[in-house]
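Colleague: Starting from the two chains in their separate frames, assemble the complex, guided by the hints.
These are the residues of each chain, in order.
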Amino acid sequence: MQSLHVNGYDMPYLDVGEDRGRAPLVCVHGSLNDFRVWGCVLGPLTQRHRVIAVSLRHFFPDRWDGVGDTYSIAQHVDDVIAFIEKLDLGPVDLMGHSRGGHICFRVAQQRPDLLRRLVLAEPGGELDASLDPDYVGGPSPLLARFTASAEKIAAGDVDGGLAVFVDTLEGAGTWPRLPAMVKQNLRDNAYTLIGQVRDNRPPFSKADAESIKMPTLFILGARTKGLLPKVLHALAAHVPYSKTALIPNATHPMFEQAPQKYSEVVLDFLAS
Amino acid sequence: MQTFHVNGYDMAYLEVGEGHPLICVHGTLGDFRTWYSVLGPLSKNHRVISVSLRHFFPEHWDAVGDDYKMAQHVADTIAFIERVQPGPVDLMGHSRGGHIAFRVAQARPDLLRKLVLAEPGGDLDASLLEPDAPPPPPMPLAVAMPLVLTSIRGGDIDGALKAFVDAIDGDGAWARMPAAAKQQLRDNIFTLLGQANENRKPFTKAQAESIRTPTLFIGGGNTTGSLAMVHRVLARHVANSQTVMIDGAKHWMFDEQPQKYCQAVMGFLAS
Numbered sequence: 001m002q003s004l005h006v007n008g009y010d011m012p013y014l015d016v017g018e019d020r021g022r023a024p025l026v027c028v029h030g031s032l033n034d035f036r037v038w039g040c041v042l043g044p045l046t047q048r049h050r051v052i053a054v055s056l057r058h059f060f061p062d063r064w065d066g067v068g069d070t071y072s073i074a075q076h077v078d079d080v081i082a083f084i085e086k087l088d089l090g091p092v093d094l095m096g097h098s099r100g101g102h103i104c105f106r107v108a109q110q111r112p113d114l115l116r117r118l119v120l121a122e123p124g125g126e127l128d129a130s131l132d133p134d135y136v137g138g139p140s141p142l143l144a145r146f147t148a149s150a151e152k153i154a155a156g157d158v159d160g161g162l163a164v165f166v167d168t169l170e171g172a173g174t175w176p177r178l179p180a181m182v183k184q185n186l187r188d189n190a191y192t193l194i195g196q197v198r199d200n201r202p203p204f205s206k207a208d209a210e211s212i213k214m215p216t217l218f219i220l221g222a223r224t225k226g227l228l229p230k231v232l233h234a235l236a237a238h239v240p241y242s243k244t245a246l247i248p249n250a251t252h253p254m255f256e257q258a259p260q261k262y263s264e265v266v267l268d269f270l271a272s
Numbered sequence: 001m002q003t004f005h006v007n008g009y010d011m012a013y014l015e016v017g018e019g020h021p022l023i024c025v026h027g028t029l030g031d032f033r034t035w036y037s038v039l040g041p042l043s044k045n046h047r048v049i050s051v052s053l054r055h056f057f058p059e060h061w062d063a064v065g066d067d068y069k070m071a072q073h074v075a076d077t078i079a080f081i082e083r084v085q086p087g088p089v090d091l092m093g094h095s096r097g098g099h100i101a102f103r104v105a106q107a108r109p110d111l112l113r114k115l116v117l118a119e120p121g122g123d124l125d126a127s128l129l130e131p132d133a134p135p136p137p138p139m140p141l142a143v144a145m146p147l148v149l150t151s152i153r154g155g156d157i158d159g160a161l162k163a164f165v166d167a168i169d170g171d172g173a174w175a176r177m178p179a180a181a182k183q184q185l186r187d188n189i190f191t192l193l194g195q196a197n198e199n200r201k202p203f204t205k206a207q208a209e210s211i212r213t214p215t216l217f218i219g220g221g222n223t224t225g226s227l228a229m230v231h232r233v234l235a236r237h238v239a240n241s242q243t244v245m246i247d248g249a250k251h252w253m254f255d256e257q258p259q260k261y262c263q264a265v266m267g268f269l270a271s
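These protein sequence lines map, in sequence, to chains A and B.
According to the numbering used here, the residues represented by the first sequence are 1 to 272, in order.
According to the numbering used here, the residues represented by the second sequence are 1 to 271, in order.
Hints in this document: simulated from the structure, not taken from any laboratory.
Yeah, the Cβ is synthetic: ideal placement off N, Cα and C, and Gly gets one too.
Treat the hints with care, since some could be wrong.
What the hints assert, rightly or not - According to the in silico footprint, chain A covers these stretches of chain B (three or more CB under 8 Å from chain A): (1) 8-18; (2) 39-49; (3) 55-63; (4) 168-180; (5) 183-189; (6) 253-264.
Bound conformation, chain B alone (with noise of 0.2 Å):
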């Protein structure tokens, strides 16, 4: 694959199509292919750049090192985006790869022209919550990530793929899901067990408040849970942001909605 060097690690990528570049990255357990049904689209009228982050597929991880962090990863993702030309790029993340992008839209919105955050993953802390209003759920993975880590070091991949997935979409999620779709996950199961630690923080209003740059959010219609609130929360203190909801969709909304998603991107990213 083609590759940059950023920050002592060889970050692979996939790049198609011409136009100005359109940074992907990918959320826990994905990898460059998780962007595979709607490279045809975008690529129409964009450069695509499809990123694999450090750990995650091609390479075959072993889960040794403590470089598996959220504050590494958005390191790597801003030494990647320098080092493509001509910028400043369009960034879009999905899952836990929107608060990556987020991140990268606080710490250098220099390097953006547009953002797009889909079903960004994170906590929420006070000052984004109404004072009355019961307290957020957890991040599905919270949920999942005891029973998660116990099957990885048991052995059984495919008990904690299910957790995983059917805490995010819910029962039976995993059983619904086509075998290739689930196959690029186990490609990636290490990942997990340095996600356990990977120091995560939460959003806050002032950190929303501070991005600037174009911001389009892009939910499923119907996911629930905390995954389908933090993205309306933040959505509010983004200045200059507009949401699309893809109907008949859920949290793997550009899989299940390959057109509608493209339409919505493609639209933002032209306007």
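If we strip away everything but chain A, and leave its shape as in the complex, we get (with noise of 0.2 Å):
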């Protein structure tokens, strides 16, 4: 693949379509995932972008152990900012889901020269005191959880535990009746779990929202349940120049499920 020598480590990227003239759109898939994650959406949005979809470092096509610190949403962050300047190629537009959501979102955060629009699908994260009346800190109650999946996966059960952290997410049940090329997919991203479950990721704030200054969409499968749409509203109502998309008959994968419904709202707001 093509990569990027970023951080110490070659970040591989896929590069489709032509400029056209617009910033290229930069997208960072979730958890147990990589560049392929946005296969589907690819045809859509390069009929106008440029789209480079990156793997995070230690997913697919890596091959990692688990073993080290190099797992975290501080070092993937650090990574895709060291990506977007190694690129050059101006303010770019750049897109997240789930916990690429929550990484955009802090890039934005940090270094919001480098970036043009801001979309994030269903960002992963917590919400502190300043968001959440209910706040009670600590780690998330649905670590224990994640926890024991990982443990399957380092133990060599492989499918036992992402049925564990699929069910966890999106439903008991949901495991068995994905795709079978969906569950290969994340077979092939399961060690990066084990990095996951040690990483402690500060909570969003409502000062980090209010400090987002670019246009920003966030999207919202209308049928998922928990934590992502309440995490997703709150910094909604207090990113300034945001507005948020609702994706029909979609949970969580909304682009996967909804591929076109999808690519319409973020080239809407691509082009707005």
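Modeller: Printed below as a string of structure tokens:
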């Protein structure tokens, strides 16, 4: 694959489409995914944009063994910043999904000069007391289940560990119903969960959200339940130049479930 | 994307992993993304090079011009492989891409180490048919093509795709297909306008017998019709060949059973 050497790491990326005088759209995948997750929207998006889909450090095509402390939000944020700098194409549009949305949010906070517009598809994270009156602090209530998932994977039960992780996020019985090709892409990244449960990412605050100054599109699957919609609405209420698009009949992997609708809202936002 | 300039065209490819090169050729309505579900396992031991044939995504083709031909894609694949070092390479093709890979093996056996044909598409000429056997059914796309073309020209892209997919995997197959897979077919819909006149020749017995490259045929255990038949007939006449059937899968067997598919391919390539 093509790659850029950033922070001592060859960061792979897929670069598709012509730039047509517009800013390129850099795409950051979420947990257990990699550059391939954007495959289903590449067609519509590259009708108008040059799309650059990265694989974060330790995700496929890398094969990580879970050893070391270089899997963290902080590391991945540093890597994305260095990647955009090294691209040297001027300010880019930046899109992130789930944990990738968290990373893009932090990039926007730290280096607004690198970005033109921001797209956050159900960004992952927690809310601190300034955004959530029910905030109690401490680790995520889901951490125990994610840790159990990572332990299974470390012990060699990859499918068992993935089932726990996916069912925790998307509801019991989700894993067996996933298309086989989706499952296989998760398997290719299973070991990253070992790093992820060690990562202690800080929650979002109201001041964080208010500091995001570029036009921002939040994208929500209409049927997503739990913490993700709560986080999205809290952030969207405080990011000054933001709007929210709803994808009907979709849950967290909304662009895989509704690639046409998803692409339409992204293209409209980037053109507006 | 990375490209090689071959026969006047920038041919895009995705390259992942290290090891002996394995060139992968998608079929009708596919592109380099066709192989995404098997990239992980296959790239553990191989340098997997997944190409997009001329006029497939990432090109957004308008179907103007007459260079969407079987012969053109074969010539392009040959020219592409000539650029890959070290040779000879392993070559894998699915469906129409299997037809292309077969023709490459016929024309340039010197370029190939091993050949993997996953339900290759094509017609069988009389030399490959048993004397008293009923004629084989036509290729699914040949049956569906009139409706496919009418639908595309009328702007009903999903109608065209439903006709295509259901012809191959049975009624309801399009409706059951994951939305992400559907979208990748949509991205290549205009190639079908080229394919209607691609001038593909049938396979003959002499051609099958001429293949000397060690060959693995892969079939989906639940595939029916001509796509289930063609690889069985060819395998009888390709001297150094073996066949693996993937249980619980149809024509897109690597999407349905990626682990079993990779096990078959990796076992063959390592043997």
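Colleague: When the structure is checked against the list of hints, which entries are broken? Sort them ascending.
Modeller: Violated hints: none; all satisfied.
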